Amino acid sequence: MKNKFCKYHGTGNDFILINNFDHQIAHSPELALRLCDRHFGIGSDGLIIIEPAPTADFKMIFYNPDGSQSFCGNGGRCAVRFAKDQGIIKTNKTSFVSTDGIHLAEIDNNIIHLQMHNPVISPINFSEKELPVINKFLINTGSPHLILFIDSKLNILEIDVKYHGAKIRYSNTFKKAGINVNFVGIDAENNISIRTYERGVEDETLSCGTGVTAAAIAYHSLFNNIEGSQTINVNAIGGELKVKFEYINATYSNTNLCGPAELVFSGEVDI
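Numbering (our numbering), first residue to last: 43 to 313.
Quick caveat, the hints were computed from the structure, so don't treat them as lab data.
These numbers were taken from a predicted model, which means no experiment stands behind them.
We put the CB at the ideal spot given by N, CA and C, even for glycine.
Hints are supplied without guarantee of correctness; some may be wrong.
Okay, the calculated beta carbon distance ranges per label pair [unchecked claim]:
1) 306 x 109: 20 to 28 Å
2) 271 x 199: 28 to 36 Å
3) 167 x 204: 20 to 28 Å
Cross-link-like lysine to any residue pairs, in silico, SDA-like; alpha carbons within 25 Å at most [stated by the list, open to error]:
4) 217 x 110
5) 101 x 69
6) 178 x 244
7) 46 x 128
8) 209 x 176
Put together the whole structure using the sequences plus the hints.
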């Protein structure tokens, strides 16, 4: 059976999106494995199925390329753009349900402002001996992230992200639940760069929305810590994103991931 799909990307993080409002597709982890394969399928960093939701404009079902499910920040921004392009949402403000609950979003021309859930910062007992790490954080922004701030004497572009990321992700500390590993460099005040090894993809991606958000919160907590409205610019390999949030009385709130979401192509595939 032929089904229509669209391919979108958010700063190089690419996704297959399918409108399943008529419930004609019986999606599964196996479907994600097949479609996300870059040699035998369409190829992407994830599969997103859009379905009706009783408490929001739509439901976003996200599969990683290995078939596992999670929340995805860049995928959420692409889902909002896709829903608007499909006529599912009629205005520039919307809400959708994902694995971690309801998210609000707003479209401003090509920039999607996605409200993330408040970050959860946890203590971390982990040692990285091969890289010059100056500080580390464990933060959940809808998905769990290890943030490693790298000493400026090493440019993060020189890091073998797949090697170091996989070594950490499959270490005794993290192999059971898995972890996304982010290598972060500080460029200037409120400006950082990031490279991310994503669990589920099991490789470096050009951008990771939940990782970008986690890195921005970690940077503020460690190097800024100013109260009020904040904006952190984050440079991923695939482009620039902004993370905006409020920090009042040592509490983070109203966290938004802001950046573009663009249609790459559309087509049909046998499902």
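Consistency of the hints with the structure:
no.: 1; hint: 306 x 109: 20 to 28 Å; result: holds (22 Å)
no.: 2; hint: 271 x 199: 28 to 36 Å; result: holds (31 Å)
no.: 3; hint: 167 x 204: 20 to 28 Å; result: holds (25 Å)
no.: 4; hint: 217 x 110; result: holds (15 Å)
no.: 5; hint: 101 x 69; result: holds (14 Å)
no.: 6; hint: 178 x 244; result: holds (21 Å)
no.: 7; hint: 46 x 128; result: holds (12 Å)
no.: 8; hint: 209 x 176; result: holds (19 Å)
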